[in-house]
Amino acid sequence: MLVKRGIAVSPGVNFGPALILGTEDFRIPRQFVSVNAIETEIARLRSSLDAVCEEIAVNERLASDKLGVQYGAIFAAHLQMVSSPRHRDEIETLIREKCYSPEHASCRVFRRYTKLVQHLGDNYLAERASDIIDLEKRLLKQLLGEKREELSNLTTPIIVLANNLTPSETASLAKDFVLGFATEVGGRTSHTAILAGALEIPAVVGLGEFLSDISGGDMVIVDGNNGEVIIDPDEETLEKYRDTGERQRSMAARLASRRKIRSETKDGTRIHVMGNIEFPDEVEHCTERGADGIGLYRTEFLYLQSDTEPTEQVHYDAYCRVVKAAQNRPIIIRTLDLGADKIPRAYRYLAKEGMNPALGLRSVRLSLRDLPLFKTQLRAIFRAAVHGDVRIMFPLISTLLEWRQAKMIVGDVLEDLEERGVDFNPDIPIGMMVEVPAAALLANEFAEEVDFFSIGTNDLIQYTLAVDRSDPAVSTLYNSSDPSILRLIKMVVQAADKKNIPVTVCGQMSADLKSIPLLVGMGIRQISATPLAIPEVKEVIRHLTIARAEEITAHAMTIDVARDVDSYLRGELYKICPDLFDEEMPL
Amino acid sequence: MQESVCRQLVTVKMKQGLHLRPISEIVRIARLYECDFKITNGDRSGDAKEVYDLLELKALPKTELVLEANGDDASKLIEEIVQFFESGYKKFEEVD
Chain A
0 MLVKRGIAVS PGVNFGPALI LGTEDFRIPR QFVSVNAIET EIARLRSSLD
50 AVCEEIAVNE RLASDKLGVQ YGAIFAAHLQ MVSSPRHRDE IETLIREKCY
100 SPEHASCRVF RRYTKLVQHL GDNYLAERAS DIIDLEKRLL KQLLGEKREE
150 LSNLTTPIIV LANNLTPSET ASLAKDFVLG FATEVGGRTS HTAILAGALE
200 IPAVVGLGEF LSDISGGDMV IVDGNNGEVI IDPDEETLEK YRDTGERQRS
250 MAARLASRRK IRSETKDGTR IHVMGNIEFP DEVEHCTERG ADGIGLYRTE
300 FLYLQSDTEP TEQVHYDAYC RVVKAAQNRP IIIRTLDLGA DKIPRAYRYL
350 AKEGMNPALG LRSVRLSLRD LPLFKTQLRA IFRAAVHGDV RIMFPLISTL
400 LEWRQAKMIV GDVLEDLEER GVDFNPDIPI GMMVEVPAAA LLANEFAEEV
450 DFFSIGTNDL IQYTLAVDRS DPAVSTLYNS SDPSILRLIK MVVQAADKKN
500 IPVTVCGQMS ADLKSIPLLV GMGIRQISAT PLAIPEVKEV IRHLTIARAE
550 EITAHAMTID VARDVDSYLR GELYKICPDL FDEEMPL
Chain P
0 MQESVCRQLV TVKMKQGLHL RPISEIVRIA RLYECDFKIT NGDRSGDAKE
50 VYDLLELKAL PKTELVLEAN GDDASKLIEE IVQFFESGYK KFEEVD
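Chains as they are written, first to last, in numbering that gives the first Met the number 0: chain A, 0 to 586; chain P, 0 to 95.
Calculated directly from the structure, the hints in this document are not laboratory data. Note that CB positions come from ideal geometry on N, CA and C, so glycine has one too. Do not take every clue at face value.
If you anchor each label on the Cβ, the simulated ranges turn out as follows [said to hold, decoys possible]: (1) P:Q15 <-> A:R320: 44 to 50 Å; (2) P:E63 <-> A:S129: 27 to 33 Å; (3) A:M0 <-> P:G41: 41 to 47 Å.
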């Protein structure tokens with residue numbers, strides 16, 4: 000049994016056989032072969048290798064004849080790699096000495112070479128790694144023949160393990176059979192996190208290197224509550240997790256039955272609980288849990304789905320679907336918030352290699368630089384706003400000048416739409432995300448100009464405490480209860496109150512139940528959380544009075560270290576709604 | 000049987016360095032010969048009959064490489080490889 004710790008990004012617990020994505024495009028059915036079968040298996044390997052060589056040779060001839068010798072040479076190199084005696088020997092040694100199946104042995108050898116090439120440091124050469132992966136796939140295809148199980152056609156549930164999920168990899172997955180995700184890299188806003196959240200299956204990311212310790216088919220537990228992945232668990236551990244899963248399902252059912260009850264405090268103050276979404280389909284996940292609207296509609300997926308820029312129509316169609324599904328509830332659309340790490344091919348030229356992406360050209364900064372891209376999105380939003388209560392917010396605003404620039408572009412877009420004579424709604428609220436300390440510090444000035452604030456706690460914490468939450472070495476510093484964070488939030492709420500404009504809190508903090516009394520006590524009346532957390536957030540609110548929440552906040556603000564704030568809030572939450580926790584449930 | 004070691008210095012002139020296509024040609028030529036053939040780039044050294052080894056040399060444009068062949072047909076191999084580094088590689092460059 001091996002326990003790996005990472006970052007929990009999507010709650011819940013599940014277990015099942017592992018599927019290693021990327022290197023395995025289909026499942027490898029078995030890891031070992033019996034000692035007696037070794038010679039037969041080696042013969043099978045050799046004939047598969049020969050078949051692959053033949054395949055490549057055909058491609059080489061075709062490429063050389065049709066395209067020229069310089070193209071054929073790539074296939075020639077592939078052929079040389081596969082036919083190299085050293086390469087063959089390495090695979091055969093693994094079969095002979097470790098009784099690995101040819102599939103498993105080939106996987107290991109290819110994977111080692113892939114790693115070598117990836118780490119060459121030169122971009123052009125490192126890209127050759129994909130050639131090697133391709134060779135591995137060819138060979139596996141040969142070896143497995145008809146036995147292979149395509150990812151798009153899985154018949155048994157699996158836990159997906161990967162270095163990092165890419166959109167194209169996940170696109171082909173038969174999602175009904177995915178029980179959980181675990182990845183080596185990635186943070187709370189990685190593609191895996193977003194996807195798992197949307198599919199509502201448990202996920203843990205940022206586990207560090209672990210794929211070499213595991214083989215396809217091994218039993219794996221993904222604990223999305225505690226951020227743990229357990230490889231090859233013992234029976235006792237497995238039993239414990241079976242119970243936990245059971246308890247979670249019954250709790251969810253209980254909360255679901257109360258979804259229609261209004262979200263207000265015991266003393267009758269309305270607190271709007273909204274949902275964070277990524278895909279239009281998720282609106283339903285929110286409404287069926289009794290959400291009061293969509294507090295954060297992330298639009299990045301529109302850009303990540305393909306390598307080409309989404310057209311105005313693509314934007315418009317997506318927004319209209321959300322508007323329709325939300326049935327007149329408010330929707331806050333956040334404009335492009337891509338970090339340099341997620342920039343699709345089309346914009347990569349704008350991101351300088353080797354710079355610090357978190358502090359670089361991302362988010363609204365990218366939008367302000369690439370005006371056609373920005374305007375396309377804005378036009379679609381104003382057009383979709385004809386059909387419902389749509390609002391816009393700009394992410395990562397750091398200075399007043401940026402805000403004013405963005406507003407000016409809005410003005411241009413409205414003029415364009417006017418000229419085009421299409422239907423659009425020019426009078427919609429336009430706000431900003433507060434996720435840079437600079438913006439929080441100038442909240443009074445911003446409050447003069449914006450229609451609303453939305454506090455993005457994830458980035459606010461990262462930038463305030465100067466900590467990358469996806470880096471396990473420093474991630475313990477990342478804490479939403481840090482006194483510095485509480486003070487910044489308080490500043491924003493006070494500034495908003497003075498101008499009587501609304502403030503929403505989105506980000507992980509708003510799904511963290513112990514923070515709910517604190518936020519309400521600070522004066523927050525709108526909370527936007529991941530859909531899965533909505534029932535519990537509402538439950539906490541219904542157990543709360545404003546007076547009690549204010550007391551909790553007042554006391555929390557006097558504590559000077561995050562850890563103590565945390566334990567104080569946890570204790571208070573337990574007092575407020577003990578029935579949310581049964582004895583074994585982790586707080 | 001006479002043992003002969005043959006050494007020669009060459010410069011990488013390929014626009015993208017010693018990448019997959021020229022590597023493939025070097026390996027093709029090398030495998031036609033009996034002798035051992037090693038290429039060295041600073042502290043990295045590899046068997047020139049193996050694609051992976053040559054990729055690992057990380058030979059960028061303008062790098063100086065040491066060719067070292069050991070065996071009966073060593074001098075003939077080196078001659079052919081030197082010619083490739085001089086001009087033969089051009090056939091394998093991008094057409095653009």
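Hints, one by one, checked against the model:
no.	hint	in the structure
1	P:Q15 <-> A:R320: 44 to 50 Å	holds (45 Å)
2	P:E63 <-> A:S129: 27 to 33 Å	holds (29 Å)
3	A:M0 <-> P:G41: 41 to 47 Å	holds (45 Å)
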